[in-house]
Amino acid sequence: MAKWGMVIDLDTCTGCQACTTACAMENSRLPGENWQDVLFYHEGKYPNVQLKWLPRPCMHCENPSCVSVCPTRATYKDPEGGFVLIDWNRCIGCKYCQVACPYGVRFYTDEKAVVQPDIRTVFPSEEGRQWDPPWKGPQDDPRRGIGIQPHGVVSKCTFCYHKVSQAPAGVPDLDEDIPELKEYVPACVRVCAPKARFFGDLDHPESRVNKLIADHRGTRLKDETGNKPQVYYLSGGASAAVPSLRAVHQDKA
Amino acid sequence: MTTATMDNKGIQMPILLVAGIGFLITAGLVMFNLSSQGHAAFNISNDGLFWGFPIVVYDFFLLTSTGIAMVACFGFLFTGETFRPLFARSLWLALAGLSGGVAVLMMELGYPLRAMFLIPFSFAFSSPLYWKVLAVIGFTVCLLLLIWRARATQSTLDSLRGLTRLTLLFAILVTALAGVVYGSQSFRPFWASGDIPAAFIVESIVGGLAFVYFFTLLAYGFQADKVPVSIRSVFAGRMGGVFAWAIVLHLVFVVGRTVNGLYGNVEGLQAWQYIVSSPLYWIELAALMTALVIMFSHALRRNILVQVAAAVLVMVGLFIGRYEYIIGGQIIPLFKGSWAPPVLSYAPSSTEWLLLIMAIFLANVVNALGGVLGITRSR
Ligand code: SF4
Ligand code: SF4
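Protein chains in written order, with the working numbering: chain Z, 1 to 253; chain C, 1001 to 1379.
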């Protein structure tokens, strides 16, 4: 059984946000509902200041706190693949999982629109969903939090479950450069122009993701939380793998 | 019915009417706003402030309810018949508080009805909220049974002891689990602490005492000559002392948390610097300290209006404290960056304020109804 994981090479990532855009298009996300985001921040003070960025999808943690706290078992860890998914038919919108996720990657889109005009009113849904975009992907699986969510529930990155779960069994990596596998590659990985993202089976001894993690000392974000992300970051050069959290306005805090 | 237990029934009907109309208006407005705007009517945001004012109000009412029940049960178990004139009234008041809190929660959740049937049968053992909901169900059932049993003419302390203990246990459990919901969030150092359940229990008891004082005296129109001697002596005597010491304990938790937070260098604890620089924090401390001085002074606490003032001060102080605790744990974004400020700004929306007013009206409706129907009278 695969345990899918992602490796993001921060030295290669250009912060172009192609991944963010591809994710929004693939999964029909609302503006601001960035299942995949690139966070920009700066460290230091002038003249020693650096602009940095950190791509941040859901980490599909091995030990996910969002799953532990969910009072209805709406959020669950799929034993086949290790995806952390949400069953929208069980979610009650209590937002405990949002509070309990150390990575801030969950969204409750019933709140005020972050971008005006509110696109939900421009393309309203007649089926009780958040909206009805003129183009949307065909995938619709509310029991796995795939498609456009109804009102009153939380949503998050699915690791493109609808693609990855269709991959042939036993493949070590899902690489967009392998023609027969490219359709199964998560949208953010497939679109990454500088090839800063890699996706594969963390339990497969031959997988490239494992090799990258081992050879380049892959690190996990906020590893002290014990959530054990299945997303690893590589950094050996100019970029910091894990941003210094108090980097911004520390003196004002 | 003895003179000691007779209350000024005349005041309950006007309260019921005013609170009833107020409830209908505020609930109508909230429903209208929610149906037209959805939860966009609240000022919560995906930037990091997920639990806003509605959760503050809900928690305040829930913990007030369990606090009142704790006061009633402790009082009855430890002082027996001395507490009898306050017993049924306090239990009913606990139910009134609970109804206000639950009503607000129903407005806050995405799927309130689904929550009611899914959570109890989800067997989500790892979730503090699952256990909390089970405990609330147990608490409500015990409270209702106890109210019903306490009304029986022949009910004695001995006949009620078992059920009173069980109600007390559930009240403690609900309060402690409410603390675990926050205290277990280890990556949020503002919240995370093993002593939070204990702090919540103390805070609940302080709130419970304040509400018992206020609403009992309200039932007599705040008129000293109408308040039975038995109640006056309980309020001015041991209960006043317990109130004062409970405030002391609560202040130890509040000030201790503040000092530790200000010393701490861990990400998230900077929230304390914002909290202490806000006048709200000092109003909270001043309110609690004033109430403390009043309740420690035997001379002052004999005066019924002074008791009412102390109760109101405590209510205000505790509400501010609850707000600071819940919001403070979220105002420092987990990831600060170009578009995430060092501190999130949050102010409740008009709909969120309406929820508070609605909960106050509803709790008063239920409480006054108990007076009108004679449920709050002890036999
Ligand atoms: S990153 Fe957050 S939402 Fe994703 S699995 Fe981990 S705890 Fe859950
Ligand atoms: S919001 Fe939904 S998924 Fe999140 S904890 Fe509540 S019920 Fe579970």
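Where hints are given, some of them may not hold.
Chain C is nowhere near these chain Z residues, computed Cβ spacing over 10 angstroms in every case [stated by the list, open to error]:
| # | residue |
| --- | --- |
| 1 | Y46 |
| 2 | R56 |
| 3 | S68 |
| 4 | P71 |
| 5 | P102 |
| 6 | P133 |
| 7 | K136 |
| 8 | G137 |
| 9 | I178 |
| 10 | V191 |
| 11 | L212 |
| 12 | T219 |
| 13 | S235 |
Covered stretches of chain Z (in silico footprint by chain C; criterion: 3 or more residues with CB under 8 angstroms from a CB of chain C, positions within the stretch not fixed) [stated by the list, open to error]:
| # | region |
| --- | --- |
| 14 | 30-43 |
| 15 | 108-122 |
| 16 | 140-153 |
| 17 | 198-208 |
No lab work stands behind these hints, which were simulated from the structure alone.
The C-beta atom is built at its ideal place from N, Cα and C for all residues, glycine as well.
Structure-based check of all given hints:
1. Y46: Fine: 16 angstroms to the nearest Cβ keeps Y46/Z off the interface.
2. R56: Check fails; 7 angstroms does not lie beyond 10 angstroms.
3. S68: Per Cβ check, S68/Z is inside 10 angstroms of chain C; nearest 4 angstroms; violated.
4. P71: violated (4 angstroms)
5. P102: Not fine: 4 angstroms to the nearest Cβ puts P102/Z too close to chain C.
6. P133: Since the minimum Cβ distance to chain C is about 18 angstroms, P133/Z lies beyond 10 angstroms and the statement holds.
7. K136: holds (21 angstroms)
8. G137: Answer for G137/Z: holds, closest chain C Cβ roughly 22 angstroms.
9. I178: holds (33 angstroms)
10. V191: holds (22 angstroms)
11. L212: holds (24 angstroms)
12. T219: holds (16 angstroms)
13. S235: Holds, since 17 angstroms exceeds 10 angstroms.
14. 30-43: Our answer is that it holds, as 6 residues pass the Cβ test (under 8 angstroms) against chain C, meeting three.
15. 108-122: holds (count 7)
16. 140-153: Our answer is that it holds, as 3 residues pass the Cβ test (under 8 angstroms) against chain C, meeting three.
17. 198-208: violated (count 0)
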